[in-house]
Amino acid sequence: MEMYATAPIVGFLAVIVTAILVVLILRKLFSKK
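If you count by my numbering, then the sequence shown holds residues 1 to 33, one letter each, in order.
Hints listed in this document are in silico derivations from the structure and should not be mistaken for laboratory results. For clarity, every value in this text was computed on a predicted model and none was experimentally measured. Incorrect hints may have been included.
As the list claims (entries may be wrong) - Label pairs and their computed distance ranges (CB to CB): (1) L26 / T6: 27 to 33 Å; (2) A7 / F30: 30 to 36 Å; (3) A5 / I25: 29 to 35 Å; (4) P8 / K28: 26 to 32 Å.
Cβ atoms here follow ideal geometry from the backbone N, Cα and C, with glycine treated the same way.
Could you put the whole structure together from the sequences, leaning on the hints where they help?
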């Protein structure tokens with residue numbers, strides 16, 4: 001029930017996942033060119 005303790009961790013993981021997805025998409029776009 002520690003929402004305040006887990007919220008920053010979940011947000012941090014979400015940022016990391018988003019960054020990884022962006023990198024993968026950019027790699028695919030550059031590889032096609």
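Out of the numbered hints, which ones does the structure contradict?
none
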